[in-house]
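> If you read the protein sequences in the order shown, they are chains U and C. According to full-length UniProt numbering, the first sequence is numbered sequentially starting from 1. According to full-length UniProt numbering, the second sequence is numbered sequentially starting from 1.
What the hints contain is simulated information worked out from the structure, not anything from laboratory work. A quick note: this is a predicted structure, and the numbers were derived from the prediction, not measured. Virtual Cβ for every residue (Gly too), placed ideally from N, Cα, C. Don't take every hint at face value.
If you want the ones that stay clear, here's a sample from chain C, every Cβ over 10 Å from chain U, calculated [what the hints assert, rightly or not]: (1) 11; (2) 72; (3) 145.
To list a few chain C residues with every Cβ distance to chain U over 10 Å, as calculated [claimed, not checked]: (4) 52; (5) 59; (6) 63; (7) 140; (8) 200.
One-sided excerpt, in silico: chain U residues whose CB lies under 8 Å from chain C [claimed, not checked]: (9) 14; (10) 52; (11) 53; (12) 92; (13) 228.
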Amino acid sequence: MARAAVQRRLNWLRATVLENRPETARVHRLLLDVPGWPGHLPGQHVDLRLTAEDGYTAQRSYSVASAPEDPRLHLLVERFEGGEVSPYLTDELRSGDLLELRGPIGGYFVWSSAVDRDGGRAEGRRPVQLVAGGAGVAPFLAMLDHHRRTGGSTPVRLLYSARTADDVLAPDVLGPQTTITLTREAPSDWRGLTGRIDRRMLEAQTFAPTTRPRVFVCGPTSFVESTATTLVDLGHDPSWIRLERFGGSGDPS
Amino acid sequence: MSLVSRGFGRREQRRDERLPPGQYDAGDLFPVLSAGPTPRTPLGEWDLTLQGEVDGLRRWTWDEFRELPREAVSVDIHCVTKWSKFDTRWEGVAVDTLLAGVRTEAAYALAFCDGGYTTNHRLSDLTDGRAWVVDTYDGQPLAPEHGGPVRLLVPHLYFWKSAKWLRGFALSQFNEPGFWETFGYHDRGDPWLEQRYSGD
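Model the full structure from these sequences, guided by the hints.
This is the structure in structure tokens:
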């Protein structure tokens, strides 16, 4: 287990909203300018803090959806109906507003192809398999964009489950490494996969256990739980599998 | 000094006194968080051990653990990912019971688990009726995704300190950071002091 993480204080920073634009019907993309941002590794997240006039505060975590090379921080916010924070971020927040955030947070659910290249470690030559459910693709967008921008040579694949073609996030970043499956409905000319990610799909569409991939799974709790269990059943060593869950407040289990 | 967020207001007008700063009430939900796949150790191979700087290793098989004096507790729990859950009902064995008769100079305990997870505690956070090793949640055997067969329950600290799939404690006079503590999370994690990350 890694013991090298830096222990430093995480101070609240003031970010300026540069843009708040709908990415799909349910998800908005926030583009932030964060003076003093110390940089991040793909896969890390930030805490946002909102403060009401009466001093009441609410905090939520969001994965950084942009590569470290991008000067702006991108966050993808899924709107949860009746939520306290996400409808504010998607509907109310506009360019020029200020937000408080701190980060980067988390050092386990990270993959950097630049670290693979420069690290000289045997682990860096193992392929990387990403599996996303819905907005859980956000940290993988940071990973894939970083991979592309740094000309990484690590073999990487993403299996990405979305409800419909209109729900697919950031198609410009996904690239040829990505296999999409649509779970609700598919256009008549859809040539990709349909249906939920199951054992058969994982077997056919992801790196085999014999190639010893580093596996990252991100999505709603039930998606992550079932995918991880199936991957272990298929022969992946549990220690190769790293998990991140989204929608902690709205996903019963 | 916090920055006021234009147009942001609280949804509930009355804030529950039981809610630490920065937390929200998850209601009936019980979110699941873990860094890796859920381990599934057969009970026949399971044991719980106290090791390290003790006057002799203590070990309990599953049957032996189930014979220990039990307690039922109802507590509020607080996850560092911001959700809290009130009046959760658990049953299990107080850490005091496991430590009864153990002679040690240790001031710290590293909880270790199936799957390789660890978290560190001051021994004083685990004693005097403040921590339990629980096998029952809401009257039912603890589900694997919630840490079954047993998890640590230390409700006065953020919930990553309540390690799932617990297999024992290594006692020491030295403090060794656990899994999340190594990745920048707070060494102690008191939710009322909002000790989320290192330096808080």
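> Each hint should be assessed against the structure and marked as holding or not.
Against the structure, the hints come out as follows:
| no. | hint | verdict |
| --- | --- | --- |
| 1 | 11 | violated (4 Å) |
| 2 | 72 | holds (23 Å) |
| 3 | 145 | violated (6 Å) |
| 4 | 52 | holds (18 Å) |
| 5 | 59 | holds (24 Å) |
| 6 | 63 | holds (26 Å) |
| 7 | 140 | holds (14 Å) |
| 8 | 200 | violated (7 Å) |
| 9 | 14 | holds (6 Å) |
| 10 | 52 | holds (5 Å) |
| 11 | 53 | holds (6 Å) |
| 12 | 92 | holds (5 Å) |
| 13 | 228 | holds (4 Å) |
Hint check: violations occur at hints 1, 3 and 8; the rest are consistent with the structure.
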